[in-house]
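These are the residues of each chain, in order.
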Amino acid sequence: GNSVTQMEGPVTLSEEAFLTINCTYTATGYPSLFWYVQYPGEGLQLLLKATKADDKGSNKGFEATYRKETTSFHLEKGSVQVSDSAVYFCALSTGNTPLVFGKGTRLSVIA
Amino acid sequence: DGGITQSPKYLFRKEGQNVTLSCEQNLNHDAMYWYRQDPGQGLRLIYYSQIVNDFQKGDIAEGYSVSREKKESFPLTVTSAQKNPTAFYLCASSIITYSNQPQHFGDGTRLSIL
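Residue numbers (the numbering used here), protein chains in the order written: chain D, 168 to 278; chain Z, 554 to 667.
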């Protein structure tokens, strides 16, 4: 079946540090890949997506590249801000099935 | 503005009681979903619906029930058979359940036991 594995959190960084959150997946078929962000007390918001190999999704300074050869979709940001503190979820979908989510990675950015 | 509205934001359940969580969307989306979120567990799918009057069980459907009488509404009932209902419940919708379409989420309902 389909599954997503994210790096364990929490991740604590100083402001302006470089961020990487690892995500790898297992899927039958050719998945679309997503990163969602959840701020405290809220639902999830789509951060970025990629639908085919070598696609790069980007938004608000965050980037992730769909790597079929390594089945990965790592999230990166060059310089994090305090306002980026949230929980980040990697997810995939194949065919007409609902999204499958990773367990989430909590990021705390300190000034 | 289009979006998904979940209500109430906080809900308390007594032992043996059924409670219903509301989810309404005005995005004209065909598919709707219910997830349960527990600390450290990520999101787990309870039920989803692709069209009106049809729905499918997700990974953790036991103790829950849903209906889809209107396209814009997908209420979730947490029954007394659900022995550990304390969690954050998220409703989502998408255009159709095709792989490249993202899901849009409501702000959630936090359910606690009295």
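These are computed hints drawn from the structure, not numbers from a lab.
Please note that a few of the clues may not be correct.
What the hints assert, rightly or not - Here are the simulated DSBU-like pairs of lysine-lysine, each with C-alpha atoms no more than 35 Å apart in a straight line:
1. Lys270/D <-> Lys636/Z
2. Lys610/Z <-> Lys223/D
3. Lys235/D <-> Lys636/Z
4. Lys219/D <-> Lys610/Z
5. Lys636/Z <-> Lys219/D
6. Lys270/D <-> Lys567/Z
7. Lys562/Z <-> Lys636/Z
8. Lys227/D <-> Lys567/Z
9. Lys270/D <-> Lys244/D
10. Lys235/D <-> Lys219/D
11. Lys636/Z <-> Lys244/D
12. Lys624/Z <-> Lys223/D
13. Lys235/D <-> Lys270/D
14. Lys270/D <-> Lys562/Z
15. Lys227/D <-> Lys636/Z
What the hints assert, rightly or not - Restraint ranges, calculated between C-beta atoms of paired labels, are given here:
16. Thr558/Z <-> Ser250/D: 31 to 41 Å
17. Thr195/D <-> Thr558/Z: 18 to 28 Å
18. Thr172/D <-> Thr558/Z: 14 to 24 Å
19. Gly616/Z <-> Pro207/D: 38 to 48 Å
20. Asp660/Z <-> Gln248/D: 41 to 51 Å
21. Val605/Z <-> Glu182/D: 41 to 51 Å
Quick reminder that beta carbons are idealized off the backbone N, C-alpha and C, glycines included.
Results of checking the hints against the structure:
Distance check on the hinted pair: lysine 270/D and lysine 636/Z sit about 23 Å apart at the alpha-carbon level, within 35 Å; holds. For a cut-off of 35 Å, the pair hint linking lysine 610/Z to lysine 223/D stands: about 33 Å separates their Cα positions. Our distance criterion of 35 Å between C-alpha atoms is broken by lysine 235/D and lysine 636/Z, whose separation comes to about 41 Å. A C-alpha spacing of about 29 Å is found between lysine 219/D and lysine 610/Z, which places the hinted pair at or below 35 Å, so the restraint holds.
Distance check on the hinted pair: lysine 636/Z and lysine 219/D sit about 42 Å apart at the alpha-carbon level, beyond 35 Å; violated. A distance of roughly 29 Å separates the Cα atoms of lysine 270/D and lysine 567/Z; the hinted pair therefore holds under the 35 Å criterion. The hinted pair formed by lysine 562/Z and lysine 636/Z meets the criterion: a straight-line CA distance of about 21 Å does not exceed 35 Å. Under the criterion of a C-alpha separation no larger than 35 Å, the hint pairing lysine 227/D with lysine 567/Z is inconsistent with the structure, at around 43 Å.
Note on lysine 270/D and lysine 244/D: the hinted pairing holds, with a Cα-Cα distance of about 20 Å set against a maximum of 35 Å. About 8 Å separates the Cα atoms of lysine 235/D and lysine 219/D, which keeps this hinted pair within 35 Å; it holds. Note on lysine 636/Z and lysine 244/D: the hinted pairing is violated, with a Cα-Cα distance of about 41 Å set against a maximum of 35 Å. Under the criterion of a C-alpha separation no larger than 35 Å, the hint pairing lysine 624/Z with lysine 223/D is consistent with the structure, at around 34 Å.
Under the criterion of a C-alpha separation no larger than 35 Å, the hint pairing lysine 235/D with lysine 270/D is consistent with the structure, at around 21 Å. Simply put, lysine 270/D and lysine 562/Z have alpha-carbon atoms about 23 Å apart, close enough for the 35 Å limit, and the pair holds. Of the supplied pair hints, the one linking lysine 227/D and lysine 636/Z is violated, its CA atoms being roughly 41 Å apart against a limit of 35 Å. Checked against the hint of 31 to 41 Å, the pair threonine 558/Z and serine 250/D fails, with Cβ atoms roughly 25 Å apart.
A beta carbon spacing of about 35 Å between threonine 195/D and threonine 558/Z contradicts the range 18 to 28 Å that was offered as a hint. Checked against the given bound of 14 to 24 Å, the beta carbons of threonine 172/D and threonine 558/Z, roughly 33 Å apart, lie outside it. Remark: the range hint 38 to 48 Å for glycine 616/Z to proline 207/D is contradicted by a beta-carbon distance near 27 Å. Between aspartate 660/Z and glutamine 248/D, the C-beta spacing of about 23 Å breaks the proposed range 41 to 51 Å.
A beta carbon spacing of about 48 Å between valine 605/Z and glutamate 182/D agrees with the range 41 to 51 Å that was offered as a hint.
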